[in-house]
Structure formats: C-alpha cells, structure tokens
Amino acid sequence: MFSYLRKAGILGINRRVGEFILPYNPRKHFPKVDDKILTYIMAKQYKIAQPDIYFTVSTAGQLKTIQRRLEKLESFVIKPSRGAMGNGILLINSVTKNEGADSDHELVFDTSRGDMNLKDVKYHISDILSGMYSLSGQPDQVIIQEKLSIHPTLGEYAYKGIPDIRVIVFKGYPVMAMIRLPTKSSRGRANLHQGAVGCGINLKTGQITGAVCQDKWITNHPDTGHILEDLVIPFWDEVLELSSRCYEITSMGYIGVDLVLDENAGPLLLEINARPGLSIQIANKAGLKPRLDYIKLLSEEIPIPEKIKLIKQGVLF
Amino acid sequence: MNLLKKTIILILFIIPISSIIYKNYIAEIDLIPESATNKWNLSINYPFSKIEDKLGVSYFDDKKEIKLPFFTTTRYQSVDNLSYLDGTKPNFVNTNDGNLLKLSKEFLDKNEKLVALVNVELSEALSETPLKSPRLKEEGYDYIQKLLSLDKLTDEEREQMELLNAKINIIDDDKAEVAKKIYFFITEEITRDENIKTITEALSLSAGSNLMKAQIFTYLNRLNGIPTRINVAYELNRVGQVTKLNPIYMPEILLGDNWFLLARDLSPFDKNVQDFFVLYKNFEDFPKLFKQEFITVRAASVMVNKVDSTLYKKKLKSVSSILSLLSLHNLPVNVRTVFYTVLLIPLGTLVLSISRVILGLKSFGIFTPILLSLFFLETSLTVGIVFFSVIVLLGFGQRYLLDRLYLLAIPRLSILLTLVIISYTFFSLVIYENNGVFQVGQSINYLPIVIITGFIERFSIHFIEEGTVNTIKALLGTLSIAILCYIIFKLNFLKQILFNNPELLLVIIALNLMIGSYKGYRLNEVLRFREFEGINENV
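Keeping their order, the protein sequence lines are chains V and L. The first sequence maps to residues 51 to 367 in our numbering. The second sequence maps to residues 401 to 939 in our numbering.
Simulated from the structure, these hints should not be mistaken for laboratory data. Built from N, CA and C at the ideal position, the CB exists for glycine as well. You may find that some hints are simply not true.
Label pairs and their computed distance ranges (CB to CB) [stated by the list, open to error]:
1. V:Leu347 to L:Leu927: 27 to 35 Å
2. L:Ile722 to V:Ser301: 50 to 58 Å
3. L:Phe660 to V:Arg77: 56 to 64 Å
4. V:Arg77 to L:Ile810: 45 to 53 Å
5. L:Leu731 to V:Pro73: 40 to 48 Å
6. V:Pro73 to L:Thr825: 45 to 53 Å
7. V:Ser301 to L:Thr825: 32 to 40 Å
8. V:Arg77 to L:Leu731: 33 to 41 Å
9. L:Arg804 to V:Lys94: 38 to 46 Å
10. L:Gly797 to V:Ile87: 46 to 54 Å
11. V:Pro81 to L:Ile915: 55 to 63 Å
Generate the whole structure from the sequences, applying the supplied hints.
Below, the structure written as structure tokens:
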C-alpha cells in the first residue's frame, strides 16, 4: 500500500517529526521562530533583509490611541506574533479619512477582507491579543508591519494577495523550494490548505517545475490562467542565500523559510517555520527523503556560498 | 530504535506477562473473578383457597378489597416488569413498608390462586448513605408509634423482655450505640435453633429461630425507644434453577431520618444484604401470612453481569497475601466503580495514538476524543451523540452571532458556556419527558460540560480559520476516535481484565513507546500523496 510513497521518497509526518524535527530542532530554540517579534529582532542582528515592523500592540489599553498611529500609515499588515499558517493576517491596502463621520467610521480601511471601519480593525486586533490565532491559544501580541509592493513578475501570476516562497533548509542547505500563489478560493492568502497554488521550483535555476492546487497537479493558475512553468523566480540566488543564512539565526537544522520578493529590495524574510509542512513534495513532484538523506552525509560546517554552490551544481537531483 | 528503548519496552512487556503467567499457572487464580448473578425472575404465588382460614381475621376493608405484600424498592434492589401470569398489570399501592397488591373480593372468589411475576435486580449499594424514608414526614407520628408498639406482647413476655433489657444494662445516650449493643448481645448470647418458636421459650433457652431472634431484637430496641421493624426477605444467592425460597427475617432500625438494615455484615442474620430480595418491610402487618408461608416465592437467575468480589478476595488471600494486598477488590464498592472506568483511560490513549499516528485521523486537541467517549459512557451513546450534535450546531450559530457583537474573548466564552448550560438544562428536561425514547444511563456530571464547552471554542475557531471542509474532517476524526474508545470501554471483558490485572497498563506504555518510535507512513498519506501513484521516476 505504501510502496509508491516509498519509491517516490515521500517524507511522511511521523518520519518528519521523529527523524528531523526532534533531533535537529532543539526545543529550546522554538521561541525564536514561534514569536515573530523575536525572529525580527534576531534577523535584524544578523542583517537579514525583512519587512519593517512599524509598531506592536501588546495590551488592549493601547487600542485607545491606535487611531492616531494608524492614520499616519498608508498601507500596512496586521498579524499575530505567534500565529501559524497565515492565520489572522489582515492586509490594509489603503486608509481613507472620512471627515465629519463619528469616531468609529472616520477611518475607512481597504483590506484583504473588504472595507472595514476602525471598529472592525480594533476588533480584529483584540481577537489576536486574546490569543485566537496563536499556536497554543495563549494571549498574543499584534504586529503592525510594512506592506510590501509585490514584484511585478509575480504579481501577474497571483490572484490578489502576495505570493510567498517557501524554502526547506536542512543543515543550512536549501533542499526544496516552492512558491505559493494566492487564488480566489484562498481569498488572497498564500496558504495551501485554503486553496492557494503551490509551485515546485528547480533549485538550480529558480524555474517552476510544476504546480499543485488542493493536492492535485495543475498546469495553469486557476484564476489568472497563466502557464505556471513559464515563471522563473527573480533574485533566485539571493533567495537561496537568504534561506541558508536563516540556519545561523535559529540554530535549527530543519526549517522552512518563508520569504517575499519586493520589487526593489529583492527577497525579504517573512518568517521561519520549525515544523514545515509536507505538501511542498506534491508541488515539486518529488519526495524530500532522498535529498535529506544525502544532506545528512554532508558537513554543516562549510560556509554558505559553498553550500549554495553545491546545490546549484545539482547534487540533489 | 536504540538499545535503551528496546530494553525498556522488553521490561515493560516481561513484568506484566510474567505476573499473569504466575497468577494463572502457578497460583492458579483466574484472570477474572467468577461471575455472580444479580438479576432474577421471581414468581410470587398467592393461593387464595381458604384465605380467611389462613389469615384468621378478615383483611378486607370497607371497599371490599384486600391488600397483600407485593414488592419493595430499596437502594439495593430495583423491580420492574411487574405482571400477572397472563400478562396483565397488577394494581398496587405504595406504603412506608413496601408495596401492597390490591385485590377485590370478587377476584378472590373467582380465582383459586394468583401468580405475579417480577424482575428483580440486586446491586451493591453505591453510596454508604442509607436510604431516607420518603413518606415518613406525611404520616409521621402514627407510623412511629406503630414501630415502637409493644402491644403484640403478652404481659408475661413483656415482663421477660424488660428483665432482659435490665440485664443487658444499656446506659447510653447514643441510640446507634444502644442498637449496636442489643445487636451484639443477640448475636453472641442467643443461638440459632429453628425449632424454638415462642419468645418465652427462646429467652429461657437462649436460643431461637431466625424470626425469634429478629423479634427479640425488635422489642428490645422498642423498649429503648428505637423504632424497629422486621423485613421479610428471600435469599437469592446461588440459585441456578427455579427454586422455592424460605423467608428470612431481617430487622431494620430508624435513627433520625435514616433506616439501617441490620443484616449487613454480621450474623445472626448472616448474609450480605445484597443477596436478599426484600418482599415487605414490616412482618407485623401480616404475621400469620408469613409464618404459615401463605405466600411462596420462586426464583430463577436470569442475568450475569457482575463479578463475585468476595469470593475472589478469599481465593487471593489463600494463595498469596501480597497479591491480595495489592488487589483493587480491597477498595470500597463506590471507589471500585470509579477505578473500573479510570483504568480504561490509558486504553483510550492507546486507541488515540494508533488513530493519529498510524491511521492519521485528525482530531480537535489531543485528549478531547477520550474525554468525549467518557461523556458518551456517562450518558449512553444515543443521548451523547444527540446532545453533542445539538451543542455543535449551537456552537456554530452562537459564534456567528457573537462575532457581530464585538465582544472580548473571555466574556464571549462565558456567554458560550452559559448557553451550553442552558441547552443542557433544556436537553435534560426533554430527555426526562421522553424517557422512553432516550435511555439515560446516569446523571451527566459537570466535567463533560466543561469538556464540551472547551471543545466548542476550539471548534468554532477551527471553523473560521480552516474552513468548513477541514473542520468537518477534524470533527469526524474526533467523533470516530471517541466512538471507537466508547465501544472498547463498553467491553466488559477488557474492563475486568484491567481491573483485576492493572499491571497490564505497563504493556500499554510499551505499546505507546513502540508507536512513538514509528516513522513509517500514516494511512491517510496514501490519500494525500495519491498523485504520486504511477510515478516511477526516482529523484
């Protein structure tokens, strides 16, 4: 029954946890990736490019003065510090001031969930504070972050929202990558569980090798209709380098690095995941296990450029 | 798997298995105690021919009706399926001393005899609090006077009783102590002799029949102001085929509001109360009728679903004092009942491990399914699932509604909890009204309510975040694991094996160690990666 999975070298959940996460990701390092503010601070120390955080909200009391602070911003992203899978993230494309209306309706936000007034936004923030989106349901902090301008090459392919790139990094070597393109059914979110498209990426070139949507292989984007294999990810070398460097920040052997591509700045670190999902294998039409087994034999001590060089030479496939 | 893990697993297997081999083959103790019967079919036979002769006095009241002892419901016995031999339902009236069969004079004239059938279930009392007498307050004074009456004694007998009372020399303010002293006096000083049937004889010879002893006990108590009555009971122990039973007399005293049956653990009334079916609680109402065995009771055992703890304990003690010391049968009945269920929880965790790690079922939280199955166990599966569905639907609706009201998380959860309690209250009412439709096992206790509420909060967040499909997947996973656990929990055999051999829990730890080291695929991954089927290229 499992023979074709074995043949394709598919990594299952049990092996992922038992053979990679538990031995390579020490428990004590988890806060570094589960708390996005901590990740931000550490990445900053290592001079890793990432979107700016304007400010954070950690108590309900701060909601009173939030209008003053939000008015100054043109666009931004609201996200929980300890969220997972893109849950609780709200994109604000623009803020309009509605003179003369009462305080709740004075500000109108054009968001990824449609128009919202200040009350709606405050409610969303307090939801996050109460821990509704955090991994374990404990009270959380809210991050008000820079909203990125989508890279035009990628913008063409995505339906609304911002595509993000996921790179699985094992012992500092990028082993598999995919790009997640939001769709109509994912409501603009780059989350495969919610219906986004996942495209496998050739590690050597940055070209798309194939795509998956709702666990089924596809060739065209369901909403924009573009042929996905035509896409070559811009800044590919920088993407690989940035992903590799995240190993240094976290000291964790097996991570999923999420990045976005900014039109000007290139790849920016979005977040690091210590329990990266397995659907990336479907997107790449390839199993992770043989690649991980190969990397197991390599030294983690060698410098990043050499690791990337090895990968670009195609040692993994 | 490394050596340490393997060694631990091996040890965890060897200890319980060798213990069981020792018990079964060397000590020759059964893994499960022998079964004991606790359900009986009784036929109560009333021959009416010459009833007036037998009873001596007319028992017919103004309405030309006669009342005869029929059955009693106590904390130790429950009775149902009352019918006559031809299937019709009897008329009966409820009194302080049990239920009386109501028969008209015409009926007696027409019929030679009457056979009533009842189904009796005897149980060990779960609580140690004696049963309160429900109707005492209404009739109060007269009834107590009846229980203190010495009118049935002749002057001579009364004199003898008073002498005896003085001889025992009871000086105590505590009535319980007084009753105890009398009890021990009769146990020690009066030997059993079924041929001695009058009080005078019994007192002069220091011996008496079971009834004599009960009567002497009763009158001594009454002399000391303790209301006392004599139960007429039939022993239902070790009956295989249909057997005619002899009545046994068991005194019962009233202290404060509570009745205490005095045949609990000690002789002379010998056996455990749980082995007796009490037909009527006041011998004095029908003395001739009982003495002459006008009513005959036959019994046949019908159901086996408990074990003979007492016998098993004795056996253990004779084999090994350590085994008997460690046996869970030493616990009191009510604690034992708890442990029967508690010991099943690790089994549930094993089911959960297998379902999640090997089958790959999704569930809300980790232990929610097990707690849910305990909830089903408390309420019965039908009621459990119906209530669960109602609550899930409410959870959906309320969450949507509450989301629009912009409430903070904690008050929102409080409202949700309150709404669950309201639904639960309403639900209980509906169940109570339609008792025929739903079978309620026991009262639903508060813990499952909390489980269900916590569950809803998780459930509704899951629903908003993950969408309908994923939530329904997790919901179905949770329910299937819960139902699977429920089915396993319901297996009496497993319950007994674990209760009598709790060392088997070590095997569960060993199995969990093995499942915890499993790195193979989950069954659901076949489905998840089904696109790879047919692809042979290896990368």
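| That 33 to 41 Å hint for Arg77 of chain V and Leu731 of chain L (C-beta), does it hold up? | This hint holds: roughly 40 Å between Cβ atoms.
| Quick one: are Pro81 of chain V and Ile915 of chain L within 55 to 63 Å, going by C-beta? | violated, 29 Å
| request: With 56 to 64 Å as the target window, see if Phe660 of chain L and Arg77 of chain V comply at their CB atoms. | output: holds, 59 Å
| task | Just tell me: holds or violated, for the beta carbon distance of Gly797 of chain L and Ile87 of chain V against 46 to 54 Å? | result | Violated, since Gly797 of chain L and Ile87 of chain V (Cβ atoms, about 36 Å apart) do not stay within the stated range.
| Range hint compliance [Cβ, Ile722 of chain L to Ser301 of chain V, 50 to 58 Å] | 52 Å Cβ-Cβ, so the 50 to 58 Å window holds.
| request: Using the Cβ atoms, figure out if Leu731 of chain L sits within 40 to 48 Å of Pro73 of chain V. | output: holds, 44 Å
| query | So does Leu347 of chain V sit 27 to 35 Å from Leu927 of chain L, Cβ to Cβ? | reply | holds, 32 Å
| task | Take a look at whether the Cβ-Cβ distance between Arg804 of chain L and Lys94 of chain V falls inside 38 to 46 Å. | result | Since Arg804 of chain L and Lys94 of chain V have Cβ atoms about 40 Å apart, the given range 38 to 46 Å holds.
| task | Could you check the hint for me, namely that Pro73 of chain V and Thr825 of chain L are 45 to 53 Å apart, CB to CB? | result | Taking Cβ atoms as reference, Pro73 of chain V and Thr825 of chain L lie about 52 Å apart, which means the hint holds.
| Range hint 45 to 53 Å: satisfied by the CB atoms of Arg77 of chain V and Ile810 of chain L? | Roughly 30 Å apart at Cβ, these two residues miss the hinted range, so it is violated.
| query | When you take the CB atoms of Ser301 of chain V and Thr825 of chain L, is the distance between them in 32 to 40 Å? | reply | The hint (32 to 40 Å, Cβ to Cβ) is violated, given that Ser301 of chain V and Thr825 of chain L are roughly 54 Å apart.
Going down the numbered hints, you'll see the structure goes against 4, 7, 10, 11, while the others check out.
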